[in-house]
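Using the hints provided, position chain B relative to the given structure of chain A.
Top line first, the protein sequences correspond to chains A and B. Here the numbering used here runs 3 ahead of the position in the first sequence, where the first position is 1. Here the numbering used here runs 78 ahead of the position in the second sequence, where the first position is 1.
If you're looking for bench data, these hints aren't it; they were derived computationally from the structure. Beta carbons are placed, not taken as given, at the ideal position from N, Cα and C, and that holds for glycine.
Cβ-to-Cβ under 10 angstroms is the rule here; a few derived chain B residues that face chain A:
id, residue
1, 192
2, 195
3, 247
4, 271
5, 274
6, 277
7, 309
Quick list of simulated restraints, FRET-style, between CB atoms:
id, chain 1, residue 1, chain 2, residue 2, range
8, B, 333, A, 113, 33 to 39 angstroms
9, B, 169, A, 185, 22 to 28 angstroms
10, A, 187, B, 341, 17 to 23 angstroms
11, B, 231, A, 113, 31 to 37 angstroms
12, B, 329, A, 185, 29 to 35 angstroms
13, A, 185, B, 341, 20 to 26 angstroms
14, B, 169, A, 308, 57 to 63 angstroms
Spelled out from the first residue to the last, the chains are:
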Amino acid sequence: MVVLRLSLQNLWGARHRSLLLGLALSLVAFLWVIMLALSGGIRASLLRSATTLATGHLNVSGYYKSSAGDVAAVLTDVARLRRLVRARTPGVAEVRVRNRGWGKVISETSSIQTGMIGYGDDEIDDLLDALTPVAEYGDTPALIDDEGMARLPSLWLFADQAERLRVEPGDGVTLRIETLGGQTNTMDAIVGMIAEDMGLLSSFSVLMPSSALAELYQFAPDTAGVLHVVLDDIDRADSAAAALRQALLQGGHELLEPSSEPFFVRLQELSTEAWRGQKIDVTVWRDEVSYLTWILTALTTLTALLSSILAGLIAIGVMNVQWIAVRERTTEIGTLRAIGMSRARVGALFVIESLTLGFAAAMCGAWLGGAAAKLLDLAEIPVPLEALRAILMSNTLRLHVEASSLLGAACLLTGIVGLSALWPALRAARIAPVTAIQSVA
Amino acid sequence: MRAIHMLALFLLAALALSPALHAGRERPPTAREIEQMLEALDERQRNSGDYRWEGMIYQQERGKAETAYQALVFRRDEEDKLMILFTAPRTEAGKGYLRIDQTLFRYDPTIGRWERTTERERILGTNTRRADFDESRLAEEYAASYVGEEALGAYTVDHLLLQARPASDVAYPRVELWLDQATGNTLKRQDFSASGKLLRTLYLPTWNRYYSESKGDDVYVPAEIRVYDELEVGTYTIVTVKNVDLRPLPANLFTKAWLESQSR
Chain A
4 MVVLRLSLQN
14 LWGARHRSLL
24 LGLALSLVAF
34 LWVIMLALSG
44 GIRASLLRSA
54 TTLATGHLNV
64 SGYYKSSAGD
74 VAAVLTDVAR
84 LRRLVRARTP
94 GVAEVRVRNR
104 GWGKVISETS
114 SIQTGMIGYG
124 DDEIDDLLDA
134 LTPVAEYGDT
144 PALIDDEGMA
154 RLPSLWLFAD
164 QAERLRVEPG
174 DGVTLRIETL
184 GGQTNTMDAI
194 VGMIAEDMGL
204 LSSFSVLMPS
214 SALAELYQFA
224 PDTAGVLHVV
234 LDDIDRADSA
244 AAALRQALLQ
254 GGHELLEPSS
264 EPFFVRLQEL
274 STEAWRGQKI
284 DVTVWRDEVS
294 YLTWILTALT
304 TLTALLSSIL
314 AGLIAIGVMN
324 VQWIAVRERT
334 TEIGTLRAIG
344 MSRARVGALF
354 VIESLTLGFA
364 AAMCGAWLGG
374 AAAKLLDLAE
384 IPVPLEALRA
394 ILMSNTLRLH
404 VEASSLLGAA
414 CLLTGIVGLS
424 ALWPALRAAR
434 IAPVTAIQSV
444 A
Chain B
79 MRAIHMLALF
89 LLAALALSPA
99 LHAGRERPPT
109 AREIEQMLEA
119 LDERQRNSGD
129 YRWEGMIYQQ
139 ERGKAETAYQ
149 ALVFRRDEED
159 KLMILFTAPR
169 TEAGKGYLRI
179 DQTLFRYDPT
189 IGRWERTTER
199 ERILGTNTRR
209 ADFDESRLAE
219 EYAASYVGEE
229 ALGAYTVDHL
239 LLQARPASDV
249 AYPRVELWLD
259 QATGNTLKRQ
269 DFSASGKLLR
279 TLYLPTWNRY
289 YSESKGDDVY
299 VPAEIRVYDE
309 LEVGTYTIVT
319 VKNVDLRPLP
329 ANLFTKAWLE
339 SQSR
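The shape of chain A in the complex, shown without the other chains:
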């Protein structure tokens, strides 16, 4: 307690220096938290767009080979498989049946090549929650429910695609795909909704009723592309996947070896394999968007690099300040040693001073960084550059930071400050009392 009180008194005594150092530490903590929040925002955006468009928390994909040289990404006996998945997957919240395709969307003026996602009727409400209709076309999605056009499937596009196609809700388009048998098939559709972009994934995804996509591909009944499994806790995806693989094997299904590749890469690999029939693959969401997680990896690496540089600068700064403090307080040190304070306590005095200042400044900076991240996130600042939008996975700047990350950043910075003060503290502790007193003379 004496040492702590002395530390606080010393900090107050050199309050200008303490304030400057504290500001620097707060700024570093602030920047760390902002960088963490940016990574967190990208991860959250990636997760949101991926689980809306491309993947569930788990995926049960089917691959069917009628001969050694071909392969189709189809799942047969879907109803029975869905019941098994629902019954035997731990922590399952929902099992969605989806169809997947690839083809052209042709408008009056242009066309785009895009992935096609077929959603079930039971998913519409969840999708409407996840997607944000472009404000220009009204607050509510312009779902085509006009009796006159109810016969045509409603196609949901994203803003960038709509701009390229020069369409708006209510316009007609033609969908053209190549069936698994190699024939070209077409179908007219109506643009039902245009939603805000969701990053790179939405650039090559359009949504339509699963039944329409199945008709386009001429799928047999009880055939689909994939089952998307939604869990109560996404962090349990790996263990749930392992349990599901076991259950499927016990159910008599043939499984592929686990792989971290997305399904379209798997499809190409499997086309060269010699087996025939149906095999099933169980993947987690990370596998299906592995071609995008490089963005997170790159940002994490960059964050680590910048943080290291900042930490190094902080360490040098703190060390320098403490050296100055030791020189300035040589007399005080001598006095303390002369009246019986041990070397350890003298050393602890300097370390505790640094830790106290470091913790207070880091917490302050981290808290401000967290608040700034929250405000920036709420402001929904538009991202002007298309390339940046693709990387950030969002049209607006998204920042997301957990309270644990704030505390972690503050503690880490405090630790760095404490370690930086260690050497000057050791040197201070080694000063002999007579040396210290003589320095006054």
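Just chain B, lined up with the frame of chain A:
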């Protein structure tokens, strides 16, 4: 000139300009009359037998050179069959479209491939659609309402608004027609998307009449169809129709095999 002569002239002029002397409707047509107008329009263009005509299709795209195609169009209205066979230029010769059982197929002899396509297909990339060449089924496919009586150049026309019926497979869910009051033929047509966006404007300025023995009546055929793209302004297609022949066609003509044989 005496005042009495001036007055007489004035009265004559007033009478001449009086609406009572001009052709026109005394009242807007009823719903049934509108339906009958469309039915008459369809019937006028329908032939109970076969139908063949030769035509030129000129396509002008904004900023590009004009392209011209020669085509033969065959129809068997009783069986809802249509075939379009392109005969020139050499690069397009042998390509065609065949409509069987509500399905439209496109054939490309270069790759020997048939592709199923939809009502929205641009015929050989032009601004025309299948319905522009096929039998008129407006009464069956659309529900009409009367907009008003208008002047279109020197013609007095009835302006109708057509909305696609729920079960119809049409390229344009909303159509506006301007029908010549004197003949009942379409002079102008505008095609809209479901959102109300104007997509095309068609002009059919001249109609020819041919006697059909199988029908026992005349069949009206547009001599020219001018299609203007309203999205890509400056892009248009002109179809000229000639050598109309209403005699029976070979029984096996409306088959994939026949179309394929034309390119061998």
